[in-house]
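Chemist: Given chain A, put chain B in place with the hints provided.
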Amino acid sequence: MRSDEQMEAIETGEDSAIVRALRTGATPAPEFRARLKQSFLSEAESDARRRKAYRLSILGLPRFYINLAVVGAAAALILMAFTYSVWFRPARTLETAEEQRQSVAMTERADSEPHNALLSPRSGARGFAPDAGDTADTVYVEYSTPLADEVQGALELIAAEAGGIVESAGAGDSAGEAQTVVLTVPSDVLDHVLGRLDEVIGTAKVSQPVHLNSEQVTVYITFSPD
Amino acid sequence: MHSDASDEQLIQLHLSGDPRGMEAIYERYFDRIYRLAYSKLRSTQDAEDVTSAIFLKLCRSLDSFRGEAKFSTWIYTVANNAVMDSIRRRRPNVSLDADLRVDGGDWVPREIEDNAPGPEDHVADADLARYVYSKLDALPPGQRSVIELRYFMELSYQQIADQLGVELGTVKSRLNRAIAALRSLVSTEEEVKASAFR
Chain A
1 MRSDEQMEAI ETGEDSAIVR ALRTGATPAP EFRARLKQSF LSEAESDARR
51 RKAYRLSILG LPRFYINLAV VGAAAALILM AFTYSVWFRP ARTLETAEEQ
101 RQSVAMTERA DSEPHNALLS PRSGARGFAP DAGDTADTVY VEYSTPLADE
151 VQGALELIAA EAGGIVESAG AGDSAGEAQT VVLTVPSDVL DHVLGRLDEV
201 IGTAKVSQPV HLNSEQVTVY ITFSPD
Chain B
1001 MHSDASDEQL IQLHLSGDPR GMEAIYERYF DRIYRLAYSK LRSTQDAEDV
1051 TSAIFLKLCR SLDSFRGEAK FSTWIYTVAN NAVMDSIRRR RPNVSLDADL
1101 RVDGGDWVPR EIEDNAPGPE DHVADADLAR YVYSKLDALP PGQRSVIELR
1151 YFMELSYQQI ADQLGVELGT VKSRLNRAIA ALRSLVSTEE EVKASAFR
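Those protein sequence lines, which keep their order, are chains A and B.
Just so we're aligned, residue 1 is where the first sequence starts under the numbering used here, counting upward by one.
Just so we're aligned, residue 1001 is where the second sequence starts under the numbering used here, counting upward by one.
Rather than coming from a laboratory, the hints here were simulated on the basis of the structure.
Each statement offered as a hint is correct.
Within a straight-line C-alpha distance of at most 30 Å, the following computed DSS-like cross-link-like pairs (lysine-lysine) qualify:
no., chain 1, residue 1, chain 2, residue 2
1, A, K52, B, K1057
2, B, K1070, A, K37
3, B, K1070, A, K52
Covered stretches of chain A, as calculated for chain B (at least 3 residues, CB under 8 Å):
no., stretch
4, 19-32
5, 37-44
Beta carbons: idealized from backbone N, C-alpha and C, even for Gly.
With the rest of the complex left out, here is chain A:
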């Protein structure tokens, strides 16, 4: 192997003229150098700008579309947070045989009751949308006293004050049996009607109404003497 010194001697010795000719033999014109440099730098500047813009974006997508996607995803999350109960309803649990029997019995009893009482607290009905029959709020008021004539008159008076009607359910005519009176009044005066019942007849056991935003509310008033 030739050492670097030997190679240097070859390049600087008797062959130096040839080596010099190779190194400096082809000299480009200064005008060409300047002209190409100008064009090249212009091209390089444009390429550098393009690369910088690409680096600032993600996966080569323009910034605008990335921002749009982020805003869209955020809006979707907010919408889902407000409507999760619609999309993620609780799954119906499996029922044992005993529970199924109770459920059937409850449905049968509900069918025997007035139609608009299906969504009462006792009905056990569940779901998001109301059924066609679930049109009225229902309140149960229970008195442990018999239905006296003056009470009947007071009920008619209260119904008239509230702009509603009163009717007898038709059961318990004989003494000692429970009697039911059905009072139908506008929903917005329900509190007033309950207050008047408390004032005129006395304190009673009142069930919580099921709110369905209906215009009418049905009050079942039961008189069951002990």
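Modeler: Only chain B this time, still in chain A's reference frame:
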């Protein structure tokens, strides 16, 4: 400003969006690329055309530079390919052995145009250089590659060895033989010239 930076650092500077990296690359490689192009094309106009094409496409070609090789060897390959393409495009698609038919129906031998200077032009250094360049085609490809990488692209012996995939000693012996061959070719022409004037 960037004269001390390596080629790879300059390229990274450009890729990060700073065009000053390419200005330094241009200053560093313009002469080398031009010399390489001229040595193969031996025409100032063609060498300028190819050099322009190489530099104007260089920025966009950087996507194919993955940093696995040195930039100097990568750009040598790019430039060499561009020069070879230029040679293929300008080469007429007829056999040099074929004669030409003229209007009268006679066949005449083809006269090959030779732009290379003759021995009588060797007086000046510039002429010697052109003459030496014209003799490069006579060298075997291995020796010619070493000459190009050493004197045109200004690579070190080790870089040449890495580029060609040969031993360092092979590079040095090829270079030595190539220079000796060029000297011999020049000397022979000088003797021919001297005997013609006797």
